[in-house]
Amino acid sequence: MSGEIIKEQIKLVRPSMDYAGDIMKFRREFLIHNKEEDMGGAGNLRDCQSAQKWIQFTESMRDAQTCPGGLVDSDIYIAVREKDRKIVGIIEFRHHIDHPVLGLWGGHIGYCVRPCERRKGYAKEMLRLNLINCREAGLDKVMITCDEENIGSEKTIRANGGVYEKTVWSPELKKYMKRFWVAL
Numbered sequence: 284m285s286g287e288i289i290k291e292q293i294k295l296v297r298p299s300m301d302y303a304g305d306i307m308k309f310r311r312e313f314l315i316h317n318k319e320e321d322m323g324g325a326g327n328l329r330d331c332q333s334a335q336k337w338i339q340f341t342e343s344m345r346d347a348q349t350c351p352g353g354l355v356d357s358d359i360y361i362a363v364r365e366k367d368r369k370i371v372g373i374i375e376f377r378h379h380i381d382h383p384v385l386g387l388w389g390g391h392i393g394y395c396v397r398p399c400e401r402r403k404g405y406a407k408e409m410l411r412l413n414l415i416n417c418r419e420a421g422l423d424k425v426m427i428t429c430d431e432e433n434i435g436s437e438k439t440i441r442a443n444g445g446v447y448e449k450t451v452w453s454p455e456l457k458k459y460m461k462r463f464w465v466a467l
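Numbering (this note's numbering), first residue to last: 284 to 467.
Note that these hints are calculated values from the structure, not bench results.
Errors might be hidden in some of the hints.
Listed next, with one range per pair, are the computed distances between beta-carbon atoms [what the hints assert, rightly or not]:
1) 315 / 346: 25 to 35 Å
2) 345 / 467: 13 to 23 Å
3) 446 / 416: 16 to 26 Å
Each residue gets a CB set at the ideal place from its N, CA and C atoms; glycine is no exception.
With the sequences and hints as input, model every part of the structure.
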């Protein structure tokens, strides 16, 4: 598939127990297919043993007062295909990047697409919808990054107005990351 056209509509919703079963299926599928790959935008889902704990984590992330130490307040959404209510991805909007990692290579937005749903255009649509959230929150531009070798993610960012700024080294990930800015 080219990834250019989405045949099914998606929406971004806050994680809830209504999706608990599919949240854990998403996690299992991701871990089976991507043992080493980062679950960008999914917070601590990789390490959570229950959907309830992850949902509580996402709720705590919404406010600076309840956000766990070392992290910045953010909104985490699940991307749900409307046709069958299946989670196709997870995306995060970090309210600011006044943080040593986020300001260098993490950016305002992180996302991941369910392995079986890749190359179908979902990442592009998830990012488009999340940029609306960023604009509504009052931001006028956002930084988005991707692994230097992740051509698909780079295309997704560019398709949503991303303008390449520079490539930076991530000592935490031990790889180069491309930085893009999107004007809202």
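Here is what the structure says about each hint:
Between residue 315 and residue 346 the beta carbon distance is about 34 Å. The supplied range of 25 to 35 Å therefore holds. For the pair residue 345 and residue 467, the beta carbons lie near 20 Å from each other, so the given range of 13 to 23 Å is met. The hint said 16 to 26 Å for the Cβ distance between residue 446 and residue 416, and at roughly 20 Å that hint holds.
When held up to the earlier numbered hints, the structure conflicts with none and fits them all.
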